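Chemist: Residue-level listing of the chains:
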Amino acid sequence: MAGFLQQVVEGLGAGAVYASLALALVLIYQFTGIVNFAQGELAMFSTYIAWQCVAAGMPFWLALVVTLAVSFAGGMLIERVVIRPVEGAPELTIVIVTVGLFIFVNAAAGWIWTFLIKDFPNPFPGGALEAAGVSVNWSTLGVLGVVGLVMGLLYLLFQHTRIGLGMRAVAADPASARLVGIRVGRTLALGWGLAATVGAVSGVLVAPLLFLEPNMMGGVLIYAFAAATLGGFDSPAGAVAGGLIVGVAETLAGAYVGFVGSDLKVGVPLVIILGVLLLRPQGLFGRAAVERA
Amino acid sequence: MSTTGTTEAAAPAPVRQRRRLDRRWAGLALLLAAAVYAPFQLVPFHVFQLTMVLVYAVALLGLNLLVGHAGQISLGHGAFFAVGAYASAVLLDRWDLPYPLTLPVAAAVAFLLGLALGVPAMRLRGLYLALVTLAIAIFLVPLLKRFEELTGGSMGLTLAKPQPPAWSGLAEDQWLYFLTLAVAVAAFLLAASLLRSRVGRALHAVRDNEIAAEVMGVRLSFYKTLAFAWSAMYAGAAGCVYTWVIGFVSPDSFTVNLSITMLAGLVVGGLGSLAGPVLGALFVMFVPSIAQDVNDAAPGVIFGLLIIVVMYVAPTGLAGLAGRLTRKIPRKE
Numbered sequence: 001m002a003g004f005l006q007q008v009v010e011g012l013g014a015g016a017v018y019a020s021l022a023l024a025l026v027l028i029y030q031f032t033g034i035v036n037f038a039q040g041e042l043a044m045f046s047t048y049i050a051w052q053c054v055a056a057g058m059p060f061w062l063a064l065v066v067t068l069a070v071s072f073a074g075g076m077l078i079e080r081v082v083i084r085p086v087e088g089a090p091e092l093t094i095v096i097v098t099v100g101l102f103i104f105v106n107a108a109a110g111w112i113w114t115f116l117i118k119d120f121p122n123p124f125p126g127g128a129l130e131a132a133g134v135s136v137n138w139s140t141l142g143v144l145g146v147v148g149l150v151m152g153l154l155y156l157l158f159q160h161t162r163i164g165l166g167m168r169a170v171a172a173d174p175a176s177a178r179l180v181g182i183r184v185g186r187t188l189a190l191g192w193g194l195a196a197t198v199g200a201v202s203g204v205l206v207a208p209l210l211f212l213e214p215n216m217m218g219g220v221l222i223y224a225f226a227a228a229t230l231g232g233f234d235s236p237a238g239a240v241a242g243g244l245i246v247g248v249a250e251t252l253a254g255a256y257v258g259f260v261g262s263d264l265k266v267g268v269p270l271v272i273i274l275g276v277l278l279l280r281p282q283g284l285f286g287r288a289a290v291e292r293a
Numbered sequence: 294m295s296t297t298g299t300t301e302a303a304a305p306a307p308v309r310q311r312r313r314l315d316r317r318w319a320g321l322a323l324l325l326a327a328a329v330y331a332p333f334q335l336v337p338f339h340v341f342q343l344t345m346v347l348v349y350a351v352a353l354l355g356l357n358l359l360v361g362h363a364g365q366i367s368l369g370h371g372a373f374f375a376v377g378a379y380a381s382a383v384l385l386d387r388w389d390l391p392y393p394l395t396l397p398v399a400a401a402v403a404f405l406l407g408l409a410l411g412v413p414a415m416r417l418r419g420l421y422l423a424l425v426t427l428a429i430a431i432f433l434v435p436l437l438k439r440f441e442e443l444t445g446g447s448m449g450l451t452l453a454k455p456q457p458p459a460w461s462g463l464a465e466d467q468w469l470y471f472l473t474l475a476v477a478v479a480a481f482l483l484a485a486s487l488l489r490s491r492v493g494r495a496l497h498a499v500r501d502n503e504i505a506a507e508v509m510g511v512r513l514s515f516y517k518t519l520a521f522a523w524s525a526m527y528a529g530a531a532g533c534v535y536t537w538v539i540g541f542v543s544p545d546s547f548t549v550n551l552s553i554t555m556l557a558g559l560v561v562g563g564l565g566s567l568a569g570p571v572l573g574a575l576f577v578m579f580v581p582s583i584a585q586d587v588n589d590a591a592p593g594v595i596f597g598l599l600i601i602v603v604m605y606v607a608p609t610g611l612a613g614l615a616g617r618l619t620r621k622i623p624r625k626e
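As they're listed, the protein sequences go chains A and B. For the first sequence, our numbering gives the first residue as 1, with consecutive numbering after it. For the second sequence, our numbering gives the first residue as 294, with consecutive numbering after it.
So here's chain A without its partners, still in its complex pose (with noise of 0.2 Å):
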C-alpha cells in the first residue's frame, strides 16, 4: 500500500509540471482558440534565460523574476509579430504557423546554447518529508505548491481585477467586447504574455528534474496536451486537474502494468487523448461547443 501511495505521490509531482504546461496551452485556447503547438519550446527558451541569468551570477529567485518579465514580454512580442496576421485564418494556416515557430524556437536555442546538456539549479532544498511511510520530495513538495500559487494567482487575476473581467468578456464573445470598448487586440497579446509566463514557471520546474536542453519540453508537451484535451481545453482548472491525472495515470501504468513498463508510458497520453476525444470531446470540465451552420 505504501508502495502505491508512493507511486501516486510521484505521479502527483509529475502531474504538477505537465498541468502548469497546459495551463499555459490553455489560456491561450481560450482567448484566441489557437492550441500553441510551440508553447513547450517557449518554455524551455523561457528556461535556458533563467540559466543564463544565473550562470552571470543572479540568485535564483531574482533570475526567476527576471524570466517571468521578459517571457510575459516575450509573448506578447509573439502574439503582435507572428500570431497578429493570421488572426481569423483557417485552422490549418494557423497550426502550421505554431509549428514553424515551434521549430524556429528550437533550432533558434540550439545555435545560442548548442544542444549539450546544461545543469539547471534546483530552487528546492534535496532530501524528502517522510509520512506514513511515504516519502515525498520536498522539489516535488516545492513544484506542487508553485502550480497551485500559480493557479490561485490566475483565479484572483480572473475573478477580482478589472483586466480578468476584461479577458473573460474576450474569451466569452470578442465582437462583443470590442462594442462594450474593450481592446481586444492588447487583451489577446496579454493573453499570449500571461501564457509565456506560465509556461515558463513550467520549464523552471521541469529542468531540475529533466537536463536542460532545446529538446526538453518535446516530451512534456504530449502529456499537457493530453492533460488540457482531458481537462477541457476552455477550462484552467481542469488543465490543472487532467494534468494531475495525467501524471498519475502515466506513473502507475509504468510501475503496475508489465507490457507498458518505462519505456512505452508515453503511450500514456496517446490512449487518453484518443479516449477523451472519442467519449467526451469536450473534456471532463469544458463545455460542449454548440455551433450554428
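What the hints contain is simulated information worked out from the structure, not anything from laboratory work. Don't take each hint at face value.
[What the hints assert, rightly or not] List of simulated lysine to any residue pairs, SDA-like, C-alpha gap at most 25 Å:
| # | chain 1 | residue 1 | chain 2 | residue 2 |
| --- | --- | --- | --- | --- |
| 1 | A | Lys118 | B | Asn588 |
| 2 | B | Lys438 | A | Gly218 |
| 3 | B | Lys438 | A | Ala249 |
| 4 | B | Lys438 | A | Asp263 |
| 5 | B | Lys438 | A | Ala253 |
| 6 | A | Lys118 | B | Val587 |
| 7 | A | Lys118 | B | Asp589 |
| 8 | B | Lys438 | A | Val271 |
| 9 | B | Lys438 | A | Leu210 |
| 10 | A | Lys118 | B | Val594 |
| 11 | B | Lys438 | A | Val257 |
| 12 | B | Lys438 | A | Asn215 |
| 13 | B | Lys438 | A | Gly219 |
Quick caveat: nothing in here was measured; it's all calculated off a predicted structure.
Fit chain B to the known structure of chain A by using the hints.
Modeler: Chain B alone, transformed into the frame defined by chain A:
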C-alpha cells in the same frame, strides 16, 4: 512566342486550356527525360541524393493529398513512413521475400493502419487531429524498440540492397534510382488522376467548405478517412523504397522530427499543387545539408522562419510562386 500569344487570346476557352495542358505535358516529358538522363552523368553520391529526393517526393505527394487537397492536418506522417519501411524490412529480413513484392505489402499495411487510425481521428476537428497524429509519431519510436525480436530493437535491421539484374548493365546506385523513379512516376500519375476525378473534387469541396460540401452530398467522414488512408499508403510506399535504398532501418531514423520536417517541406514546396511535393522534397534534401555547414541549428532556423513567412506571403509555396512567374511572362510580351 508572341504569335502564339495573340492567337491564343483569340481562341475559344477550351482550346486555350487544351494548349496549356499540352505545354504542361511537354514540360513534364522533358523533366522525365532529364530525370532518366541524370544518373548517367552524376557521381554515385549525387545519384543517391536524387534517389532520396524521389523517396521524399512520394511521401510528400501523399501528405499533400491530405493537407493540401483535403485540408486536414497531420503531424505524424513520419509514423506511416516508418511503418512502410519496417514492413518492407521485416519481410525481407524474416521471409526473404523478393523485394518488389514488399512494396504492395508495405503500402497495404500503411493503408490499413491509416484507415484504422483515420476512422477515430477523422471524427476530430483539425486541431485534435494534429494532436493525435503528433502523439502517434512520438509513440512509434518506443514501440518499435519494444518489439525487438521483429524489429531488431534500437539496433535496427541491416538488409542487402536490391541488386541490378545483369541485363540492365547498371550500377547499384543507378538501379536503385530507376526503381525509385518508377515508383515516383506511378505515384505522381495516380495522384494526378485521382485529383482530376470525382474524388479530387470531393476533397477540394471538403477543404474549402465542409458545410457546403455536406449539403451537396459529399460524405465528409468517408472522404476524410479515405484521404487519410491514401496519404498513409503513399508514406508507406515511400518508406518501403527508403528501406531498399538505404538498406538499414532503425527507430531513431523515424523520430517526430521526420514528421515535422515532412510537413515543413510540403508547406515550403507548396500545398495543393502537384509540383509542390517535388520542390518540397528538393528542399528537405538539400537545404539542411547546405545549412548544416553554418551551424547545427541552422536548418531548423531556416525551416521555421520559412514556414511562417510562406504562410504569410505565399500560401501556395514555391510551386505557387513559380506558377505565378511563368504565367506573368507571356502576359508581359
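Chemist: It remains to establish, for every hint, whether it holds in the given structure.
Modeler: Structure-based check of all given hints:
Restraint check for Lys118/A and Asn588/B: satisfied, since their Cα atoms lie roughly 19 Å apart, inside the 25 Å limit. Between Lys438/B and Gly218/A the CA atoms are separated by roughly 19 Å; this keeps the pair inside 25 Å, and the hint holds. This hinted pair checks out: Lys438/B and Ala249/A have alpha carbons roughly 22 Å apart, not beyond 25 Å. Using a Cα cut-off of 25 Å, the hinted pair Lys438/B and Asp263/A holds, with the two alpha carbons roughly 9 Å apart.
Under the criterion of a C-alpha separation no larger than 25 Å, the hint pairing Lys438/B with Ala253/A is consistent with the structure, at around 18 Å. The suggested pairing of Lys118/A with Val587/B holds, with an alpha-carbon distance near 23 Å, which does not exceed 25 Å. Pair hint Lys118/A plus Asp589/B holds up; C-alpha atoms about 17 Å apart against a cutoff of 25 Å. Under the criterion of a C-alpha separation no larger than 25 Å, the hint pairing Lys438/B with Val271/A is consistent with the structure, at around 19 Å.
About 22 Å separates the Cα atoms of Lys438/B and Leu210/A, which keeps this hinted pair within 25 Å; it holds. Of the pairs offered as hints, the one joining Lys118/A and Val594/B holds, with about 21 Å between alpha carbons and a cut-off of 25 Å not exceeded. This hinted pair checks out: Lys438/B and Val257/A have alpha carbons roughly 18 Å apart, not beyond 25 Å. For the given pair, Lys438/B sits about 20 Å from Asn215/A by alpha-carbon distance, which is consistent with the 25 Å threshold.
The hinted pair formed by Lys438/B and Gly219/A meets the criterion: a straight-line CA distance of about 17 Å does not exceed 25 Å.
Consistency note: the structure conflicts with none of the earlier hints.
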